[in-house]
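Enquirer: Residue numbers (the working numbering), protein chains in the order written: chain A, 1 to 391; chain B, 1 to 570.
Because the hints were derived from the structure by calculation, they are not lab data.
Please note that a few of the clues may not be correct.
Below are the DSSO-like pairs computed for lysine-lysine, each with C-alpha atoms no more than 30 Å apart in a straight line [what the hints assert, rightly or not]:
id, chain 1, residue 1, chain 2, residue 2
1, B, 406, A, 41
2, A, 5, B, 86
3, B, 422, B, 406
4, B, 97, B, 140
5, B, 560, A, 5
6, A, 5, B, 267
7, A, 169, A, 5
8, B, 213, A, 5
9, B, 541, B, 526
All of these numbers come straight from a predicted model, not from anything done at the bench.
The residues making up each chain are set out below.
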Amino acid sequence: MSGTKIIHKELETAPALSPLKTGGDIGSIAAAGQWTLIWHKFTRNKVAVFAGVMILLFYFVGIFVEFLAPGLPDKSKPQFTYAPPQQLEWFAPDGEGGTKFLPHVKGYKMEVDPVALRRTFTADETDIIPIGFFVEGPAYKLWNLIPADRHLIGPIDKNETVYFLGSDKLGRDLLSRLIYGTRVSMSIGLLGVCMSLVLGVVLGALSGFYGGWVDMLIQRIIEVVSSMPTIPLWLGLAAAIPLTWSPLQVYFVITIIVSLLAWTGLAREVRGRFYALRGEDFVVAARLDGSAERRVIFRHILPSLTSHILAVITLALPVMIVAETALSFLGIGLKPPVVSWGVLLQDAQNIRTVATAPWLLLWPAGAVVVAVLSFNFLGDGLRDAADPYGD
Amino acid sequence: MARNEQQKVDDPVLEVNDLSIDFHLRTHILHAVRNVGFTLHRGRTLALVGESGSGKSVTARALLRIIDSAARVTSGTITLDTDGKKTDLNTLGENSKEIRAIRGGRIGLIFQEPMSSLSPVHTIGSQIIEALRLHRNMDKASAKQETIELLRQVEIPDPAAMADRYTFEFSGGMRQRAMIAMALACDPDILIADEPTTALDVTTQAEILDLIKRLQVSRGMAMLLITHDLGVVAEVADEVAVMRFGRIVETGPVDDIFHAPQHAYTKDLLGSTVRLEKGATTSSGGTEKRQPVLSVRGLTKVFGGETSWFGKGAYALKAVDSASFDLHAGESLGIVGESGSGKTTLGRLILRTVEPTEGQVIYRPGDGSETDVTRLDKQGMRNFHRHVRLVFQDPFSSLNPRMTVKQIVGDPLFVTGTARGKALESRVGELLEMVGLDPAAMERYPHAFSGGQRQRIGIARALALDPKIIIADEATSALDVSIRAQILDLLLEVRKRLNLSFIFISHDISVVRYFCDRVAVMHRGKIVEIGSAEQICDAPKEDYTKALISAVPNPDPRNKRMLHRTRFTA
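Chain B extracted, bound-state conformation:
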């Protein structure tokens, strides 16, 4: 790092001017990036914030000239100035020797998907050694030495042994650490992190962001952070550029962006994020005295471990471990947990799309009767499914692309014989109106709708049979921040209007806090804590909950929560 010491911090190292990129589609040209300009400074972090389709990732890729073949850079300069010699990257050939020396050598890149950006057939160590030998001309032994040192820097325990492991032996967080080690291998001056923590759990995200930030400061790198999450921006960025539809609409220091936003879009974006920081629900008091509409007792699911012809299966996984809770009429219960905590399985167990191993699910429709869902036959299940409906996570795969909206929303009405013909059409129109869509659009196919609109169609389908309970499985995770807030408000409204109960499964604590009355926290298949939303979010009792809550990035640069988080080891 001798090179860095000679130069002052805050020197500009990369200047982008007037960058425009067009995508040639079949009938149209999409101006994905329009006249974008920004400057990266040594030792500082610029966050490029925007929702999907805003052109933020394409911009980052253009810096390394690794954009799609359908895309064309139409104007602009990208001036790299790390060692006194200015080079315009836009004039270099896409596969020239010079640009290859810069990729990885002077600009390091961390991808979003740690699962797919590492080779599965090489050891972690050999992939880093390759980068070292290519860019720094090291011999094998010293490259190996350096690799271990790098893995130590990214805080991988026992780096000498881990270097010989394969990708599949690493967890998501460890893989992202290895990716960072690889990006740092050649001691780059600029680090581009493209949604580096989006695929990770909150606690892992906190650790990775923490690590990136510390490495960036200690090495004096300039960083370009691309993200959609304003919480992450507030935690790590120095400057912010807000992108929308290919343009930077507003730029400035992080504090000003968060506390004195100028542009209407920035205000809107912040509004949607900050709103989720507090609860929206007015807890409908007194429900506790009445009988709960759904009682789950000791629900357990074990995967694997059955005895087969060849003796006992060696490996059994308790995905859900004796979960018990009550759900009252008109109440929303949030279930939060990290990936693999069993929260999705719990939802599926209640609907019995996955058969429970043990336990009871008691459903009380409110007319005094009681049914044990785990004992129902086919016809009984069909009946139960009319009362308890599921809203899916993925608005793209959950709608049959070959059916019109009318057929999709009307399908449950049709198969249960509730409505046919004209009656079905008017009911579908009613439902579409309820979820804020134009009833005239019912002849269209799902591909004509955006993600948020598709999710509304999915909600309309769930509401079609006048259900009592809706299980929403990560219903807002695939959506952009501003759309997410709209969908949550829609759900709140239908909940009030139709007196629905919700089981709201999510990994996103702020969404759960906004939407739910009570929250259950799951960890490794067990419900570790259950309580009111305020209590869980503001005064958690269990250690795991504390760690989870404190790892959530706070969208306020003056109050960085993540850096003072509590850690949980189990």
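Next comes chain A alone, as it looks inside the complex:
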């Protein structure tokens, strides 16, 4: 072989690309800030997007509780204890042998077992309770402010009651209680996380940015706090809450108790990020540009962290929800008349109830599981998308 062989004569200026789908505009990426890039990356993770939609749905329910619930959470009807769920049906016989469109549920036929004195309910095929949307029902105050009596769904006759998800031992509607519980359970997480966020970010940032003895001190505090056994501590603190306090006060105190122990993880995460970023070239560059420490922290380091913090918060929320549920289940968290998922689960503590009224366990536990899973999937998706410059 002698002499060189030219294979491609022309001089290309860019790598060969061909579009996979039409409409992809590379140019817009050039001027896209970090949130746009994070959003692009996040939306590629379909599971996380679905989880995000679920979370939004939960919070939507939590906000419009009074309207969405068919009844009031504390309205009891002693004759319907442990009544099973009623099936919503769309068509009813019209009396002439045919059927017509009429959303309804079937009423109960009650039989008392003469030996055990236990009531059993069966559907009464002849007793039709018509159901309507946007019906007038029990009066309530939306957000404790606006008086109203419209409900998304409910019996057209306001003296009737329906139990879409069954009733509890006092004949209260489980669906209404579950919907009211959503507000408390979903918001206790938010409040708690906000508190641990402040503690965690401030202490983590101090620890990571200054290092040295500050870091040493804060890390040891974190270790002491996280070495405490949580359940006994919660028990002790919750037992110290005076009985005379109103349920709302108890609710806030429980939030504080839960968040006091939950900030350590967040603080460690923030510290780790700060520590890594402090040595990054662009932070050194900012320092050499003459930036004061405050500007380095707030202008250069924190913006790189916000997306990570968001992800950590999303992963911390389900921990709070589970903590509240556990405390309330044990009877030391929220107490009736406040309704939360944990309080609802208290009703399902013994095997007899579970055997006769399994819906009391299934629905609240299901709500907790779905909410926690959604938060975890969303958090994982956010964490993966948090650094859009990685690859």
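Based on these hints, arrange chain B on the given structure of chain A.
Expert: Frame of chain A, contents of chain B only:
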């Protein structure tokens, strides 16, 4: 090696035809390799040369079918013919028994990163023994024997003892030797070396290349060498294929490629490399009489070794050992050395991002005043940092990805209060123009720019405050050859225009020779020699400098410098 003796040297052992590989990106298909074809011959070396993104590594990986999951081979054949039976590797399953027998067995692979391609939790010996037992069905004792023999062949001293050492006990060069021993373990017919010396120092690189070349010749292997460094190509290759954007643009014997290149790109690439072989600067004479702008006296940094609560720390490292030099106005001083020689620390000591243990740094702004930088307070340091600026090595981590170019370049102007609002915008535009970027791009984020463009942004930021001195820490090492030459020319131009002094820290002697008036050579924290660039590069006095200079690959296959290098032992 009985197998090899029956066959003639120069037999083709591997033929690649019409190979194309696509990468499926989110919105686009990247044609990373397009219709590539080449032939490997027994006992000969083919160098696949190209800049980053040219598809050279993907091609090599495709031969062993270890490409990414996002990549797909769309066409082509890879015919392996080592023992008379032809096999098309492309038809074998990615994890089939056959391909696993070929990987390591008939085709050996040496990776770029000797740090991460060896397991940290197994001894070096056990990793080689594993390969031997898998591919050659040896029993434990004979595999151990063979391992020691292999380590001897790759010139690891005291191989019997070293086989029981762990990876972290080996230096970078030793690890690469161990990798080579592993690749050779099964007596392969083909050796693929993917940037085998890129992560190593020049003197180590020279030894490793020398070793690979000798082993290849004595074993009669075919070698595919993948590299971006034309110097390395000239030293070891027989044939060259130049790749660009996934295509082989030119191929031929090494001598023809270097002395009669046909394709415009090859000429360009050679031009950028050869240009660096001689100095570009016209030494601004007479500066020596004036007072130097920066004088460093006895600067020392000791890491570790302080006394703690529990008695004296046992281990102290003198990273910089009483370094002294002068820097004159408008002059470029190069600081060269291998990794760990303390050159980066020296740069940081001058800026005091690392606090010096001892010594003085005297700065003279030119108005007759003198300041000792090591005694300045916070405000004084801020002032000093306006005059002395740093250009970073890594164009990716040194720009905040969350800020626009305007914010990045304008940040020093903003915090020092030099310019705000409209004035800042026009100054940033001016700076971007000076470094050869379009001022209209200032609203973009760094991710919209290539490595070379990012480095220009970094330079614009350094120039923003009208500095007197720029410390460039490996400012061109992360860049491709052709881009490197452009950035160096840019720096030369701004230097002339703004009468800047440069401290140019680099491990790359050719870059320093091209850019600097004077050069200081560092070795183990000490400045061993300091002199004019021509004197250091053409007539070095110290033994270490001689060894260093002679280890630099020469991009001329007719004058192989590395093989006649002087060795330095200390």
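Enquirer: Taking each numbered hint in turn, which are not upheld by the structure, reported in ascending numerical order?
Expert: 7
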